[in-house]
Amino acid sequence: MTKNITCVTCPMGCPITVELNDNNEVISVTGNTCKRGEQYAKDEVTHPQRSLATTVRVEGGIHGVVPCKSAGPLPKEKIFECMEAVNAARVNAPVKLGDVLVADVCGTGVNIVATNHCPAK
Amino acid sequence: MLNYDIVVVGGGPAGMAAALKAKECGVDSILILERAETLGGILEQCIHTGFGLQYFGEELSGPEYADRFIEQVYAEKIEYKTDTMVLEVSQDNKVYAVNKADGLLEIQAKAVILAMGCRERPRGALNIAGTRASGVMSAGTAQKYVNIDGYMPGKKVVILGSGDIGLIMARRMTLEGAKVECVCELMPYSSGLTRNIVQCLDDFNIPLYLSTTVVDIQGKDRVTGVTIAKVDDATRKPIPGTERTIECDTLLLSVGLIPENELTKNVGISLDRVTNGAVVDEYRETDHKGVFACGNVLHVHDLVDFVTQESQIAGEGAAKYVKGECAEKEYITTKGVGAVRYIVPQKVNLNNEGDVKLFFRVGSTFKNATVKVKYNGEELISRKRPRLAPGEMENVVIKNDMLKKFAKDGVIEISVEV
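If you read the sequences in order, they're chains A and B.
Anchor point for the first sequence: position 42 equals 42 in this note's numbering, and the numbering is continuous, going up by one each time.
Just so we're on the same page, this note's numbering is the position in the second sequence counted from 1, plus 121.
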């Protein structure tokens, strides 16, 4: 079986073809122009991952929310579950860039970290 | 009246990079004026990642990218005023601005760097028929509501325009629980990056309707629906009989950016009819002495990384100007031919000491094309490019020894041959 995917690792967006055997194991990857593309393609057909960028509600800050991101990629099928967990979280100002806002989100082992400062009002 | 060597209008990525470079080049008297409440510009609301791959070699979110420069502005003790609106730049480079703390400010600058960025094309620029119900806004406005203020502007959303901002907002609204019914694109192709179509639309099964536009907006107080229609690819006019109505409460418009050049025009600076930004030389100096322009107010960039690099050139140029180190000016002009829509800079000083990079953009997609650079009709450079696309800015370098052979009022032409 072959799968055609578009690499999302960088803005190049290479069209990649992945060949799989009957056990869903990757036999070949073609069309990628770099190593990261090869790894992305292998992950994408076996266990797709995405990083998440969203916001967490802040109490007493200059803004209502502070932006955050997953410190690493999350399993794609868990993205909405993680969104729920992040939306349920509340943090108090001041928040510093890099602060862990949600630790080990949904048991993925990945932290949600602040991507900006939010000083107190 | 205040006095500064350099006043920078705009505290986004362009303004900060220009100010920092000018400081590095030995100018200490610098003031940044920013309209918003914080430095950082539009990056503050661009919370998705993908910034900095070129400049820092790592993938950052917008606020993280901005923070690297904000921290440097603090460390270098560069003065700045936020919540400050610049009203006018005068003929003798006085900057008039207002804020709540100082009232009206009159600032005499030796050099002014214009770094105001862009604003989004509004509904009024599109002439969409229909009611004036609430729920119609630009994608960037919605982005600010969601990412900075923390509230959702709607639940059922149609997006017009498939540029990167439209695509990013389709994902963002979906993640926050809205239903994005579709993204409509007037052109037969999306101007957004392929990776954004994959990770913002395909991942969430959001349909992208190409050659499609919004022809009517319904609703009394709040939008209740929009009518979309197919367009003829030759005329870009709606095709009668293809209309259908989609129920929604929000229409986001992501239909292009306009460099915010009101101040520039007021000074009487010449604008390029294609970029809608100032006509500049290789240091990004406009035709008004001592006034420079950089970043998206000069021309719309694909990546903030390129904005940073360009603004450093302007910062260096402004520093040279202030210190009286500018070479005597004898200009040649640059000219895009055929598919090459524009070139920045539009003119180059022959007495420049270094190499000069010419940035240009093509009007359509090419595969295995050759970029040709000619001086007064004679071929200088020929470079193969596997791919050229309107969404990707290209560049060629004119080496200094080549520049030295040119004569005043000569013309450098860039063209694409298949």
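The hints are simulated quantities; they were obtained by calculation from the structure and are not laboratory data.
Where hints are given, some of them may not hold.
Here are the computed distance ranges between Cβ atoms for each label pair [claimed, not checked]: (1) B:Met273 x A:Lys96: 22 to 30 Å; (2) A:Ala93 x B:Glu449: 53 to 61 Å; (3) B:Ser503 x A:Ala71: 45 to 53 Å; (4) A:Asn92 x B:Asp324: 28 to 36 Å; (5) B:Asn497 x A:Gln39: 31 to 39 Å; (6) B:Thr491 x A:Ile62: 50 to 58 Å; (7) B:Arg508 x A:Ile62: 26 to 34 Å; (8) A:Lys96 x B:Tyr272: 33 to 41 Å; (9) B:Leu247 x A:Thr2: 39 to 47 Å; (10) A:Ala93 x B:Asn516: 37 to 45 Å; (11) A:Gly107 x B:Glu474: 57 to 65 Å.
Quick reminder that beta carbons are idealized off the backbone N, C-alpha and C, glycines included.
Structure-based check of each hint:
In this structure the hint that Met273 of chain B and Lys96 of chain A lie 22 to 30 Å apart at CB holds, the actual value being about 26 Å. Checking the proposed 53 to 61 Å range against Ala93 of chain A and Glu449 of chain B shows it holds: the Cβ atoms sit about 55 Å from each other. Checked against the hint of 45 to 53 Å, the C-beta distance between Ser503 of chain B and Ala71 of chain A comes to roughly 46 Å, which is consistent with it. Range check, Asn92 of chain A to Asp324 of chain B: Cβ separation about 33 Å, and the 28 to 36 Å hint holds.
Separated by about 50 Å at the C-beta atoms, Asn497 of chain B and Gln39 of chain A break the suggested range of 31 to 39 Å. Checked against the given bound of 50 to 58 Å, the beta carbons of Thr491 of chain B and Ile62 of chain A, roughly 53 Å apart, stay inside it. Range check, Arg508 of chain B to Ile62 of chain A: about 44 Å between beta-carbon atoms, so the 26 to 34 Å window is missed. Lys96 of chain A and Tyr272 of chain B have their C-beta atoms about 24 Å apart, which leaves the hinted 33 to 41 Å range violated.
Look at Leu247 of chain B against Thr2 of chain A: about 42 Å separates their beta carbons, and that is inside 39 to 47 Å. Hint check: Ala93 of chain A to Asn516 of chain B, Cβ distance near 43 Å, so the stated range 37 to 45 Å holds. The hinted window of 57 to 65 Å between Gly107 of chain A and Glu474 of chain B holds, with their beta carbons roughly 60 Å apart.
Violated hints for the displayed structure, listed by number in ascending order: 5, 7, 8.
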